[in-house]
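Going down the list, the sequences are from chains A and H. Positions 1 to 586 (the numbering used here) are the ones given, in order, by the first sequence. Positions 1 to 473 (the numbering used here) are the ones given, in order, by the second sequence.
In short, the hints are calculated from the structure, not lab data. Virtual Cβ for every residue (Gly too), placed ideally from N, Cα, C. There could be a bad hint or two in this list.
[Claimed, not checked] Straight-line C-alpha distance at most 20 Å; calculated SDA-like pairs for lysine to any residue:
| # | chain 1 | residue 1 | chain 2 | residue 2 |
| --- | --- | --- | --- | --- |
| 1 | H | LYS445 | H | ALA426 |
| 2 | A | LYS483 | H | TYR460 |
| 3 | H | LYS445 | A | ALA554 |
[As the list claims (entries may be wrong)] Pair ranges (Cβ atoms, derived):
| # | chain 1 | residue 1 | chain 2 | residue 2 | range |
| --- | --- | --- | --- | --- | --- |
| 4 | A | LEU351 | H | ASP63 | 32 to 38 Å |
| 5 | H | THR318 | A | GLY543 | 37 to 43 Å |
| 6 | H | PRO444 | A | ALA542 | 37 to 43 Å |
| 7 | A | GLY383 | H | GLU271 | 55 to 61 Å |
Listed here are the chains, written in short residue letters.
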Amino acid sequence: MSQATDTDVREDGIIESVSGPVVTARDLDARMNDVVYVGSEGLMGEVIEIEGNITTIQVYEETSGVSPGEPVEGTGSPLSVDLGPGMLDAIYDGVQRPLDVLEEKMGSAFLDRGVDAPGIDLEKTWEFTPEVEEGDEVEAGDIVGTVPETPSIDHKVMVPPDSEGGEVVAIESGNFNVEETVVELDNGEEIQMHQEWPVRQQRPTVEKETPTEPLISGQRVLDGLFPIAKGGTAAIPGPFGSGKTVTQHQLAKWADADIVVYVGCGERGNEMTEVIEDFPELEDPTTGNALMDRTCLIANTSNMPVAARESCVYTGITIAEYFRDMGYDVALMADSTSRWAEAMREISSRLEEMPGEEGYPAYLSARLSEFYERAGYFENINGTEGSVSVIGAVSPPGGDFSEPVTQNTLRIVKTFWALDADLAERRHFPSINWNESYSLYRDQLDPWFEDNVRADWPETRQWAIDTLDEEAELQEIVQLVGKDALPEDQQLTLEIARYLREAWLQQNAFHDVDTFCEPEKTYRIMDAAKTYNDAAFEALDAGVPVEEITDIDAAPRLNRIGVQEDYNEYIDDLEDDIESQLRELY
Amino acid sequence: MKEYQTITEISGPLVFVETDEPVGYDDIVEIELSDGETRRGQVLESASDYVAIQVFEGTEGIDRDASVRFLGETMKMPVTEDLLGRVMDGTGQPIDGGPEIVPDERRDIVGEAINPFSREYPEEFIQTGVSAIDGMNTLVRGQKLPIFSASGLPHNDLALQIARQATVPEEEEEGDDDEGSEFAVIFGAMGITAEEANEFMDDFERTGALERSVVFMNLADDPAVERTITPRLALTTAEYLAFEKDYHVLVILTDMTNYCEALREIGAAREEVPGRRGYPGYMYTDLAQLYERAGRIEGREGSVTQLPILTMPGDDDTHPIPDLTGYITEGQIYIDRDLNSQGIQPPINVLPSLSRLMDDGIGEGLTRADHADVKDQIFAAYAEGEDLRDLVNIVGREALSELDNKYLDFADRFEEEFVDQGTDTARSIDETLELGWDLLSMLPKDALNRIDEDLIEEHYREDETAETVEAEA
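Using the sequences and the accompanying hints, generate a full structural model.
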């Protein structure tokens, strides 16, 4: 987090009362949402209410031992993040303090308080290559140079959005740290690689556009049935143990975004550690470099201060927007937005605000929509196009989707991936319920799938959906009378649907090959099931008993396609075998 | 140290005092009653002219003349390796008649969050000797795995069985000399009955486990507010032993439901806006501050593994206590009433149970190469069998196909042979997995679609199929 740069400290206030993360101060001259330093230890906080000469502050660190009478120091600037090269391959807490630096500064594995650190390394030098020349006119947002930030990503150095712009009078290539001036303008303005931006304010853009390209996730059930667009929004609600986090991790690993911002909001410490340990070793499927090279992690685990949990999603999305401004496709995963909402509730109840539904503050819905609206496919002010896709996990209490956070989220997002405890119990993973989930991007993304995968993608998918729908209806009857009481064609449909579920919808996140499935493979598995379906119904029409059709040796091999690396050959053989084995029956 | 005799209000477990100098939030308070008795409390809210104090031992007998002293520090406890073998009450005072505790160090009981960057990902398999856990929901060092139980179920027996049997297989091979001394059990009891407490203590004494244990006892008739500090004392001790003294610590906390009731009581007394079912809105954060104190730290030998026990009110896992717990912990073990009434010991229902850290803690080099596949297949087959049981009640076994009947038999044998092992049997992971193969071999080979073909070739019991084929014929 940035120490406010112009630190002419404003008039000090005095702590009036302390109750958990909420502190009130007397006689503090501060504006709403300003950052303040509380108490003699200088704990970071933010102004959240001003009433008369009493200012209410939420404190981002533990307040044990803080007592009334201690000083409060204003900084005069709102909560901001440091933007510049060095954010990738980093891991931050909820207010953008790098956790590795904190460990070093505190000399302990435990998080002490009152320690501050800038979000990016101010000393480190970067190799700057100009993109404009002396004499060029530049405006706010324009790219003036690049820095190879990681092997995967070239960091674009931009004129800050609040700059007036002008003619470049000095620019040169070379190694600079982020605070050194790399460009000078004729009006005397100096541009550094380091920028700051208030987290609660959206970075400016020209226009939001309709997204038409899918964010390929490598997960069959998502790409195949419920795709999300680049610049789209999705929610993953599910009870505990249904696989929210694994799904989020899979997306962070395999989504074909340029940059991934992963926000662990109020979740488990060990899970964040898993990401920290795994990502540097995993390979980015598009570039072949380490996954960490395109990733920025924000970790506010459930035992870290609650106020910082409230701010961590904003920190994350501001960083995402900054990379979007460079023209990158950014995917932001927030796990879990319920913890963020609960943090709002906790602060709100300490403020003794009138509660809305289930104790959540009345502004819950407004905050959620503000946040999700920062996603989108944008034309940036420098003319590039970039996107921020937001995928939020929701943890509904008791798995009940009618609770306020889920409902308010569903009103905004366009993709809904419903996780299902029943599926998880039978270890059907990813346990995304295909009857309840939806994607409103399907139609606008179909042309992409037709052009880039197969022309009959939409039709084949529709066949799969119909088959699964029919299975759901038939299952209700089977529950009453048993499978053998059904007519033969319906028994066959059940069998085909079973293969769709087991071979296509199920995917093993822990298998080296199966963990990522390209769209072509997604299509081919689905199509292989359809081949079996068509040939099987032909055989049935020719009078072959259904037991013989379902008994053919080749059919169970459908379930093994997922783990095949050379799937094309395997599927070709399999389809031939299925057809010939069925032909033999009549 | 200034003394105040300015109590303005006494309400439930809370005392409000007027003050004229600042008092730190969370600071410890001593209240001296007119008869000389001293009680301890903690500052819950501190304003410039008054403070709210939560009294651990209850407010009974406190009047407005009682004098209040603010100690100017947050709650700390003495820690030392000598705590091993000792029995303390819920506030950390020895009740075993042993010598006074000479501390190495005094530590803040609230603890600080472990920096996620400094953690080490837990992936060392702990063999509990219980097949339903080792085979299906493996526990690893540094994990927090609660037992979701309900009134009248034998969760204590399971906890004791795990405490007794838990070993880490590799270490045994390396050398037995330091194996015994490295393992410690910390037992934090909150509001359990004297009888339950005796059950635990008898077992600890019988098995000699007490000398490597630290016991904190808050019994059902002890003050409820005291329960909010008992688990913190237990975990502070655990962190000290694990991260300073290299012990592998298993912390058993029972019963978390009583802890949450105490939180609710304090919340209600403070007239806070309640969250779901009257529990405070910050219960998630509060529970997380306990559960997240499990784990491993890079560069340190020891580990803290937590096994909290909670009884679900009305067997309902959507109740806020199990619900919030499940969102924080790395899985859960369900104790099942039906299995219990069938006499299955331990009555673990594996289907809703889960260990999130399992996938990285098993497999070649850790347990066995076939572990993951066998587990997946057993889950799928048992779930199928469970489903069919409903159907069988309606249509009868004859109406089902041959394969469906096999699934039904599988589910029965799984419960009777795999899960039901009694509280005194410890099975090695090899025994557990071989048993799994025995059961899976009831099913035809091509029904084993979750298992790698090579593994099927290696482990599938051909003779079993032969038998079933004969039976079919």
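Taking the hints in turn, this is what the structure says about them:
Note on LYS445 (chain H) and ALA426 (chain H): the hinted pairing is violated, with a Cα-Cα distance of about 30 Å set against a maximum of 20 Å. A hinted pair counts as satisfied when its Cα atoms are at most 20 Å apart, and LYS483 (chain A) with TYR460 (chain H) does not qualify at roughly 29 Å. With a C-alpha separation of about 14 Å, the suggested pair LYS445 (chain H) and ALA554 (chain A) falls inside the 20 Å cut-off, and the hint holds. Between LEU351 (chain A) and ASP63 (chain H) the beta carbon distance is about 34 Å. The supplied range of 32 to 38 Å therefore holds.
For THR318 (chain H) and GLY543 (chain A), the hinted distance range of 37 to 43 Å is not satisfied, since their beta carbons lie about 51 Å from each other. Look at PRO444 (chain H) against ALA542 (chain A): about 27 Å separates their beta carbons, and that is not inside 37 to 43 Å. Separated by about 57 Å at the C-beta atoms, GLY383 (chain A) and GLU271 (chain H) satisfy the suggested range of 55 to 61 Å.
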